[in-house]
Every structure is written in structure tokens, then in C-alpha cells.
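Turn these sequences into a full structure, and let the hints guide you.
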Amino acid sequence: MASDGDPPVLAGAQNAWDMLSEEQSQKHITTGSGNINNILGGGIHCKEVTEIGGVPGVGKTQLGIQLAINVQIPVEYGGLGGKAVYIDTEGSFMVERVYQIAEGCISDILEHFPHSHEKSSSGQRKLQPEHFLADIFYFRICSYTEQIAVINYLEKFLGEHKDVRIVIIDSVTFHFRQDFDDLALRTRVLSGLSLKLMKIAKAYNLAVVLLNQVTTKFTEGSFQLTLALGDSWSHSCTNRLILYWNGNERYAYLDKSPSLPVASAPYAVTGKGVRDAVSSNCKRVRVM
Amino acid sequence: MANMPVSEMQLPPHLAHLLAARRLTTAKDVLSLPEVELMAVLDAGLPTARAAVAHVSEAACPPCQTALELLEERVRLGGGGRLATTLCGLDEALGGGIPVGKLTEVVGPSGIGKTQFCLKLATLAALPECYGGLNGRVVYMDTESKFSSRRMIEIGQNSFPQIFRQEALAQKMAGRILVMRPASLADFTKGLEQMKVTLLQHDVKLLIVDSMAALMSLENEKATAGFRHHPLRWALSFLKSIAEFSRIPVVVTNQVRSQSNDDGYHFSFEVDRKDGNNCAERFDSHLVAALGIQWAHAVTVRLVFESHSGHRFIKVAKSPMSPAVAFPFIVESSGIKLLREEGIDVTGPEITSIRCQGQNVLAQ
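Protein chains in written order, with the numbering used here: chain C, 3 to 290; chain A, 65 to 428.
By construction, these hints were calculated from the structure, which means they are not laboratory data. A quick note: this is a predicted structure, and the numbers were derived from the prediction, not measured. Fair warning: there could be bad hints in the mix.
[As the list claims (entries may be wrong)] The calculated label-pair distances, taken between Cβ atoms and stated as ranges, are: (1) H117/C - C152/A: 36 to 44 Å; (2) L264/A - L22/C: 56 to 64 Å; (3) Q265/A - G80/C: 49 to 57 Å; (4) Q258/A - E78/C: 54 to 62 Å.
[Unchecked claim] So the derived list for chain A, only partly shown, Cβ under 7 Å to chain C, looks like this: (5) P98; (6) C125; (7) P126; (8) L134; (9) L135; (10) R138; (11) E308; (12) A360; (13) H361; (14) K382; (15) P384; (16) M385.
Here a beta-carbon is modelled for each residue, glycine too, at the ideal position from N, C-alpha and C.
Below is the structure:
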């Protein structure tokens, strides 16, 4: 894509200026929390693989579901208007919670855009939780073979569903910790998967979000928490966000990014989903 | 799906022959190999290997559903997908009760009431639907010989006097609860495998494992080399798959152990905090759940039973649907009873900590 009409110097290469203009016109997927969006430079980036890890119960699945909903925010309200693929390896996808988060997202949209009734009626009709749920493609994966199969199959699937803008895998770790006897093989298979995911992210212009678990590692004389799957895997992602407890609050720490500095931001999990931390936060539950 | 035979996949004939000739008979065989190795095994070029992988992947991939279809399915199956515990505050916090199709963990120090809770759940599941039960059988795997039928009938009689007064009904209800006493991990494994078949045939509606930690302590985990046949992980996947495919709730109890300095609970970037907090934390009698962090990741709902300030509490420590709340409770003749239906909000990581102060928790 040479901007001045000269033949390209290297076939398949892109010059940095063009890349920059492309990046600047990219939309980001909001996480629901303004603070986390800020440390991420606007939100989750398309065309990149982002890894999100944390201890059990800190909110990884909540954030995953929030992103699957937020990617669908219509373009006229500042979103991407895309669909989501949710690959569930642990069975933590609770559909009533997804409905709740969809409702929360819609209520926030209507709050920020109070004159939406003036817009086309079709736009209004889109703002129903059922529509948001209908645009999440869900795969339930029960073994690492199926996990490999679904990632391979994604290329064909995405060719048929061109409006998918995010692929979430929750969690990428579970099956790979279960029954891999040969660790060296595991590393090779994982690196094959991560290359494929990066390729998919770039080719189909979507965000890939991988949720990871934690494990303990003995370094510097003591046990510390670290993300699972080993050192070689930690090279596979472009961005890494770690969710942790800091006192009584939940924090997100940007651990790895090609262009942004490391930073922390507080967030909260409320009845409506992932939001900025406020002084009083409580989740309300509705029995359906 | 992983063991789906290649022969059933309807691959193009030349690929099917090639894979069969090289003894790659299941999806797992084909997909476990990185591309380059597959090329070597098949003795074929890259396009052929890629085509094989693409076809096998498509066949082995589970079907896609939209979240809306999942919701409609859940509504169609009815019952809200929950087993109500009859502890109103807890049920409300959990969105109706113990979730069906997921793994729920009950963890706490010994003597606090975990088995009492399980006995109550077993009674509830055996009851007919008009009384809020699941009208089915219950499989109770009792690894520490704590199951007491007398206590269970006492709980039944005091909670539902109208049913249990009639002896024939009491016998029928009690008859629905099948108790297994595996003496070792091998017995447990065998029992579980047997169960996969019988669950559907015999209308089992609840599986309770009391306790998981006791089984694991029988095996010396560190002695088993590497990852081969790691028993806990196998049991974990199996329990989750039973829960999901038979669509029943699975409740597992867990023990606690004291916190050692080796419990890494900080990330490397939190190093500054670690030294400051350590002294304060060591004075509290904090405990941690046994079975490790991998287990903690895998359970969907975690209920922590703890005691402090002279009271016992049930805390909803991990649940995709619930706020972090704690309920004070006591154990009486009809089982567990909440002292407050409104939960106490618990902020921060305290919801996951387990406390057991020096008081004799058995003294009531």
C-alpha cells in the first residue's frame, strides 16, 4: 500500500507510516471500565492477541463476557457493531449472567444517548438483550483436541461470518494442564495455536482475547504467582493484562504491550458487568 | 469428539486412505501433531497435511450455538437450572440455588457443618417436586465415613414433618440416597466411571462427594512423576463432564490446611507489598483450601464455611452470578439454618479467606 504510487520495495511489506494511519483509525473494544480502557490505549485492540490472567474469582470470565457484549455496541453509539465468538473450555459461561450484562450495557447506552428514539426505529430494535445474545457464537470445548479443532475450524467459520470482531477463549489453559504427558509437545502445539490465532486476528481484523489461569513459580527465593502455560507461551501474546486484588479492590495491570507503558487501574464487577470502581459497589442478582 | 474415529469423518477418499495407512485413527492422533511432524508422518507435502488438518478439525469441532439458543434451551428445560437449598438468603444470592450442570465446592474447617449441608441437599434432592425437590436419586460418595442415615432422617423429619411422618414415604426417600464408600482413589475412580452409565438410567439428580480432599491425601501427589495420570486433574474433568452432560448439580466438599510461607499469593510486580503485609497476616489464623489453585480455578461456585467472632458464616466466595455476601448460620435438628436472610456484604479478597479461630467450633 505505497502511498505515493511507487512500486513496493518488498512484496508483502507495509511501511510504518501506513501502519500508523491504519492503527489510528482502528476502533477499540471498550472493557466497560474507563480506567482499564485508558491503560489499554482506548480498549482491546483489533488485529492483536491479548492475554488476560488472574486468580480464581477475580473476574476473568466476567470481563470476557463483557467484551463479548461490548463488541456488539452499534456503530452509531460508538462501538464496532460486530459479533463475538466465545470458546468455553471450562463451562463457566452462565447464560443468565450474559443476559444481565447485556441489559446493563443497553441501559448505559440509553443513558448516554437519550435522544436515540429520534434515530431510525431499526436502531432501537437492535437494542434488545436477546439480539445481543443471538450474536454470540458459543463453542463448548471438552478436550485439548477439540480446542485445537475449533481454532483450526475458525478460519472457515470466520470466512462465513465476516462480522465477527472478537474471539474469546475462556480459558486457554484448562485442557492443556490436564493430560499432556509430553511437555515439549505441549509447547510445540501451543506455539502452533498462538501463531494461528495471531494470523486470524490480522487476517480478519478482529481481537483475540485469551483468558489464562495462574500458577505458582519459585523465583528469587520465594513462590510467586505467574500466569500458567510456561515461559514460551508468555511470548505468544501481543498484550498481557493481569487482574489481581490490591487491598479490597480489583485491579488490572498491563504487563506487556508493544506501545504502552506498564500501568495499573482499578475496576469493579457490578450487577451490570465490569465498570469503573466506585466507593460503594454491589452486585445485584436477578432470578430469571 | 476427541476420540472420533477418522473413518466416520467423511473425508475425501485419498485423505482417508492416507491417514488410515499411517495409523492415525482418531481426531486426537491427527490434531496432536504440529504441522511439520504431520507432514513427516504422512510423508506428504504441506498442502496435503493442511487439508487433512482442516477436514479433521471441522469434523471434530463441536457444534456452534448462539447464546440465545443456550438461553432458550435453559428455559425449555425448566426448573431454572437450580437446586434450591431452602436457605432463602443463600438461594437468592446464588440465583435460585445450587446450579445444575456445574461444580459447586463447599470448603471449610472440620466440624463446621459441611457434611450437614450435604445431608440437607441430599434430602432435598430426593423429595418430590411439589416440595421443591428434584424427585430423583442421589449418589453420595462418602470418603470419610461421615454419612449418618440417622442424622439424615432426623433432618428430614424436622424439615418436612408432613412427609417423613409417614414411614413408607420416609423409607422411599431414604431409599433414593445411594451411599458409596470408596476406600481409595482407585475405588473412587472406578465408582465414577461406573456412574456415567447408571446416572441416566437410574434418574440420579445429584452427586455429592464428601470429601474430595480426603481422597487426595491418600495418594502422595508429589511422588507421581510428572503429569502422567495425575489423579486430581482426571477427577476434576470427569466430575465437570458428569455435571454438564447429565445436567445435574455436583457438590464437592474440601478441607482446609494452614497457610505456609510457601503459599505464593503475589505476582512479581507486587513485590513491594509482600513484605509489608506478611507480618500482619501471620498472626491471623488464616487457612487455605486444600487441593490447590488449579482446583480453585476449576470449580464454578465456591461456598466457604468459616467461623469467627463466635459465629459461623457461609460465604459465597466464587460465583459468576452473585455478590460477595456472607450469611451467619447455626446447625440445628433440621440441618443448617441461616440467622439472617440478608447477606452481609464482604468487600475485597476477604471473601475468599477462611478463618477458624481457636474456639471449639463443635461446641454449640
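Each hint, compared with the structure:
| no. | hint | result |
| --- | --- | --- |
| 1 | H117/C - C152/A: 36 to 44 Å | holds, 43 Å |
| 2 | L264/A - L22/C: 56 to 64 Å | holds, 59 Å |
| 3 | Q265/A - G80/C: 49 to 57 Å | holds, 54 Å |
| 4 | Q258/A - E78/C: 54 to 62 Å | holds, 57 Å |
| 5 | P98 | holds, 5 Å |
| 6 | C125 | holds, 4 Å |
| 7 | P126 | holds, 6 Å |
| 8 | L134 | holds, 5 Å |
| 9 | L135 | holds, 5 Å |
| 10 | R138 | holds, 6 Å |
| 11 | E308 | holds, 6 Å |
| 12 | A360 | holds, 4 Å |
| 13 | H361 | holds, 5 Å |
| 14 | K382 | holds, 4 Å |
| 15 | P384 | holds, 5 Å |
| 16 | M385 | holds, 5 Å |
Violation of the numbered hints given earlier is absent; every hint is satisfied by the structure.
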